[in-house]
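A.B. asks: Construct all of the structure, not just a fragment, from the sequences and the given hints.
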Amino acid sequence: MPWCIFPADKGQHMIRISDFTFQYDSGRTPALQNINMTIADGDFVGIIGNSGAGKSTLTYAMNGVIPGFYRGDYYGSVEVNGMDTVETRPEIIASHVGSVFQDIDAQMVASVVEDEILFGLENFGIPHDEIEGRVTEALAACGIEDLRMRHIDTLSGGQRQKVAVASIVALRPRMIVLDEPTGELDPQSSEQIFALLSDINRVYGTTIVIVEQKIALLCAYARKLAVLDHGHLAFFGPVREVLANGRAMESLGIHVPRIVSLHQALSERGWYQGTAPVNMDEAERMAREAMQ
Amino acid sequence: MKSLLVYIPGDTVIHRLNPCTKILLPLLLCIACFLTDAWWFLLGVLVLDIGIGFLAGIPGHTLKLLRGLGKLALFLLVMQVLFIQSGRVLATLPLGILITDHGLQVAVMGVLRLIDITLPLALMIAVTQMSDLANALVYHAHMPYKYAFAITSAIRFIPVFTGDMQMIMEAQTARGVAFDTKSFWKKLRLMIPLCVPLLISSVKKIESAAIAVELRGFSLRTRRSAYRRTSFDGRDLTAILAGLVLIALSVVF
Ligand SMILES: Nc1ncnc2c1ncn2[C@@H]1O[C@H](COP(=O)(O)OP(=O)(O)OP(=O)(O)O)[C@@H](O)[C@H]1O
Ligand SMILES: [Mg+2]
Numbered sequence: 001m002p003w004c005i006f007p008a009d010k011g012q013h014m015i016r017i018s019d020f021t022f023q024y025d026s027g028r029t030p031a032l033q034n035i036n037m038t039i040a041d042g043d044f045v046g047i048i049g050n051s052g053a054g055k056s057t058l059t060y061a062m063n064g065v066i067p068g069f070y071r072g073d074y075y076g077s078v079e080v081n082g083m084d085t086v087e088t089r090p091e092i093i094a095s096h097v098g099s100v101f102q103d104i105d106a107q108m109v110a111s112v113v114e115d116e117i118l119f120g121l122e123n124f125g126i127p128h129d130e131i132e133g134r135v136t137e138a139l140a141a142c143g144i145e146d147l148r149m150r151h152i153d154t155l156s157g158g159q160r161q162k163v164a165v166a167s168i169v170a171l172r173p174r175m176i177v178l179d180e181p182t183g184e185l186d187p188q189s190s191e192q193i194f195a196l197l198s199d200i201n202r203v204y205g206t207t208i209v210i211v212e213q214k215i216a217l218l219c220a221y222a223r224k225l226a227v228l229d230h231g232h233l234a235f236f237g238p239v240r241e242v243l244a245n246g247r248a249m250e251s252l253g254i255h256v257p258r259i260v261s262l263h264q265a266l267s268e269r270g271w272y273q274g275t276a277p278v279n280m281d282e283a284e285r286m287a288r289e290a291m292q
Numbered sequence: 001m002k003s004l005l006v007y008i009p010g011d012t013v014i015h016r017l018n019p020c021t022k023i024l025l026p027l028l029l030c031i032a033c034f035l036t037d038a039w040w041f042l043l044g045v046l047v048l049d050i051g052i053g054f055l056a057g058i059p060g061h062t063l064k065l066l067r068g069l070g071k072l073a074l075f076l077l078v079m080q081v082l083f084i085q086s087g088r089v090l091a092t093l094p095l096g097i098l099i100t101d102h103g104l105q106v107a108v109m110g111v112l113r114l115i116d117i118t119l120p121l122a123l124m125i126a127v128t129q130m131s132d133l134a135n136a137l138v139y140h141a142h143m144p145y146k147y148a149f150a151i152t153s154a155i156r157f158i159p160v161f162t163g164d165m166q167m168i169m170e171a172q173t174a175r176g177v178a179f180d181t182k183s184f185w186k187k188l189r190l191m192i193p194l195c196v197p198l199l200i201s202s203v204k205k206i207e208s209a210a211i212a213v214e215l216r217g218f219s220l221r222t223r224r225s226a227y228r229r230t231s232f233d234g235r236d237l238t239a240i241l242a243g244l245v246l247i248a249l250s251v252v253f
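Protein sequences, first through last, are from chains P and A.
If you're matching positions, the first sequence starts at 1 in this note's numbering and goes up one per residue.
If you're matching positions, the second sequence starts at 1 in this note's numbering and goes up one per residue.
A hint or two may mislead.
What the hints assert, rightly or not - Derived BS3-like pairs (lysine-lysine); straight-line CA-CA distance at most 30 angstroms:
id, chain 1, residue 1, chain 2, residue 2
1, A, 71, A, 182
2, A, 64, A, 187
3, A, 204, A, 146
4, A, 146, A, 64
5, A, 204, P, 214
6, A, 182, P, 214
Stated by the list, open to error - Listed below are several chain A residues computed to face chain P (Cβ distance under 7 angstroms; list not exhaustive):
id, residue
7, 150
8, 216
9, 220
10, 227
Hints are computed from structural coordinates only; laboratory data are not their basis.
All figures in this text were calculated on a predicted structure; none of them were measured in a lab.
Backbone N, C-alpha and C define an ideal beta-carbon position, used for all residues, glycine too.
C.D. replies: See the structure below:
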C-alpha cells in the first residue's frame, strides 16, 4: 500500500518556481520578487527571514493558495509535482501538499481533537476501514494520543499546534508545508515537532518545507535553507553553504547560530579552514582543530 | 459569558439523541410558544426545558443559562410594563406612567416566550457535538455540506469571538479604560467602538479559515463521507412526536 495518495512522478522536482513575482491586490510593493527555486522530491527545506519578508507568501505559492485564493499581480510560474498552480484546482494541489498555517485557530474546524483529524480524511475519501489506523498513527506520531477526546478550546497553544500537524500528517501528503508551526511551543516541544517531521521525511520520503524563526532548529534538521529578505530570495542552498555567508546574513538581521559566528571569527583570523559546523559534534571538532 | 455557549461532553439520553432531533426540537418548541396564548402553557414549556437540562446531566449549566436570561428578561419586562399604557390601571407611577393589567400580561407573556425559545437552543448547543450535527444534517436531512458546515461553524466561532472581544477589552483596560463600571449603558458605550477591531479580526480569521478548510478537501466531501454515523431511532421519533403534540396543544390553548 503506498503511503501517500499520489506518489511523485519519477525524476520530478516537487516544487519548481521560475521567475515568480507576486503583488497582493492591496499591497504597494510585490510581496515576492523574481523568485527562482526548485525543491527536489524528499528534501527538507527551512525558510527563514524577518517579519514581512514574504515567508508566508512563499508557502502560499507552494500550496496553491496563490493564485487560488489571494488575488494579485502574478508573474512567472510555479509547478507543484509537475502541476502548474494556475491551471490546477487548489483542492487537487492540496491532495499532494498538506498545509499547516500560521494562524492555528483559524485552521481548526472541529471542537474535539478526533474530529479535527477526521475532517481531512473524510473529505479526501480515505476508505473508512483505513481511517481508524490513520487517526491513531497520526496522534501517536505527534505524541498526543491522550488528547484524542479533548475539547480543542481547552488545549494550550502548543497542544493545538500538534493537533494541526497531526491532522495533516494523517493525510499522508507527498509534501507538507508548515508556516511557523512551533511559534507557540516551548523548546522541547519544538524539537519534538522537528524530530517528527524529520522521521516522516526519512521514513516516507515526504518533502518538508517549514518556515521557522529558530535558526538553530533549522540548522539541526533541515537540509536546505532559504533566506528571504524584503521579498527577495537572498540565499538558497544546503544549510552549510548558506551559513557560510554568516556576515551577510547578520546584515539582513538574521542571527546565525553561535557556533557559526565562532566559525566565522576563527576562519577570518586564519585559525580554521573547514566549513561551518551545524551541530555540536562538528563544533567540537572545529574547536579542537583551531586550538592546535 | 464565555462558558455559556459550549458543548459539554456527556453520555445521557439527551446526548445520544440524533443531532437532527436536537436541533429540530427547539424549533418545534419555538413554534409552539408562538402559537399559544396561555401563560400556563409557556410556564409548562419552561419547566420542560429545565427538565431536559437536568435529564442531560447539566443542571448547573441550565440554571446558569436561566440566570443569564433572567437578567435580560427582567430588563425587558420593566420596559414593556412602562411602555404599554392601555388596559385597566393597576397603579400610577410618578410622571403619570401607568401600570396596567394589559401591559403586565403582554410583558409576562413576552418574557416567558423569550426564555422558552432561547433556553432550548442554548441547551442544544451544550449537548450537541458540532461535527456530529453537521454530519447528521448532511446524512439524514440531505442538507448540502456547505450549509451544514456554515451553521455549525457559526455556532463554533461564538466562543472564539467572545475570546477575541475579551482580549481587546483587556488591552483597553491596560490602557486605562474602565470596563468594570456598574452602569449598563456606560459599559455599552465603551464596548461599541471595540466592535470595529473585533469585526476586522473576525473577517480576517474567517477568510483564513475558509482557505484552510478548502485545502483540506472541503469541496470534495460527499453525503457519505462522514466516518461516524449517527443513527435515527425510536427515541428520536418519540421526541419529535412529543414536539408535534406540543404544537397541537398550543393551537388548542
Ligand atoms: N493578504 C494580504 N493582502 C495584502 N498584503 C499582504 C497579505 N498578506 C501579506 N501581505 C503583505 O505581503 C508582505 C509579505 O507578507 P508575509 O505574510 O508573506 O510575510 P512573512 O514573512 O510571513 O511575515 P511574518 O513573519 O510576520 O509572518 C508583507 O508586506 C505583507 O504586508
Ligand atoms: Mg508569515
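A.B. asks: Going through the earlier hints one by one, which of them does the structure break, listed in rising order?
C.D. replies: 4, 6, 7
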